[in-house]
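Participant: This is what each chain is made of:
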Amino acid sequence: NAGVMQNPRHLVRRRGQEARLRCSPMKGHSHVYWYRQLPEEGLKFMVYLQKENIIDESGMPKERFSAEFPKEGPSILRIQQVVRGDSAAYFCASSPLTGQDQPQHFGDGTRLSIL
Amino acid sequence: TQLLEQSPQFLSIQEGENLTVYCNSSSVFSSLQWYRQEPGEGPVLLVTVVTGGEVKKLKRLTFQFGDARKDSSLHITAAQPGDTGLYLCARGDFGNEKLTFGTGTRLTIIP
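First to last, the protein sequences are chains D and R. Per this note's numbering, the first sequence starts with residue 1, numbered consecutively. Per this note's numbering, the second sequence starts with residue 1001, numbered consecutively.
Honestly, the hints are just simulated from the structure, not real lab data. From the three backbone atoms N, C-alpha and C, an ideal C-beta is built for every residue, glycine too. Heads up, a few of these hints could be off.
[As the list claims (entries may be wrong)] With the Cβ distance kept under 7 Å, some of the chain R side facing chain D (calculated, not the full set):
1) Asn1018
2) Pro1043
3) Lys1098
[Said to hold, decoys possible] Non-contacting residues of chain D with respect to chain R, defined by C-beta distances greater than 10 Å in every case (computed):
4) Val12
5) Arg15
6) His105
[As the list claims (entries may be wrong)] Stretches of chain R that chain D covers, calculated by requiring three or more beta carbons in the stretch to come under 8 Å of a beta carbon on chain D:
7) 1028-1042
8) 1100-1110
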């Protein structure tokens, strides 16, 4: 009964490097969501994906950020040329079905620190 | 932007007391989910409410969805130290899969 698995739990990068965050949804879940939580702020939606498709990326910054959910393997959130302001906790959630009342189950997040 | 306000922002009470926290919006939403988040962990789903006026109970926690579908409350009876955490409400909107989270209520129960 594994839940949503995220790795790494902690990631340290220097400014200008790339960060890759991985998310494996719960078994049987085909919908993945990424959220960002800045210090002392609430969670903000970034992107919603289904297998091989980006459905809603309205919360993604226009540059440097990308996400994918391939047919095989985990979902990846990629941040290129990281800057200090990217330091945050990044959470992935999954759900089994579509629909606004479907519960989303969260992983424990990746805490990204930019030096 | 569909804002979701939670109050109070911080609450510290003695073990055994009762408390209520609130989640309010100026616009109607289709569903509301309540989560609890502890430091260093992800939000854990407590309940989903979808029907106006709906009341759900989870042991000592009672969740209510307002009749007008613009607000919700969480009432905790006889609070215990294990209830300490950040309580987040999140709205779902018609035709939209993403959740919009409130700012949270940070609850501390003093033994």
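Participant: State for each hint whether it applies.
Facilitator: For each hint, the structure was consulted:
{"no.": "1", "hint": "Asn1018", "in the structure": "25 Å, violated"}
{"no.": "2", "hint": "Pro1043", "in the structure": "5 Å, holds"}
{"no.": "3", "hint": "Lys1098", "in the structure": "4 Å, holds"}
{"no.": "4", "hint": "Val12", "in the structure": "16 Å, holds"}
{"no.": "5", "hint": "Arg15", "in the structure": "25 Å, holds"}
{"no.": "6", "hint": "His105", "in the structure": "6 Å, violated"}
{"no.": "7", "hint": "1028-1042", "in the structure": "holds (count 7)"}
{"no.": "8", "hint": "1100-1110", "in the structure": "holds (count 5)"}
Of the hints listed earlier, those the structure fails to meet are numbers 1, 6, in rising order.
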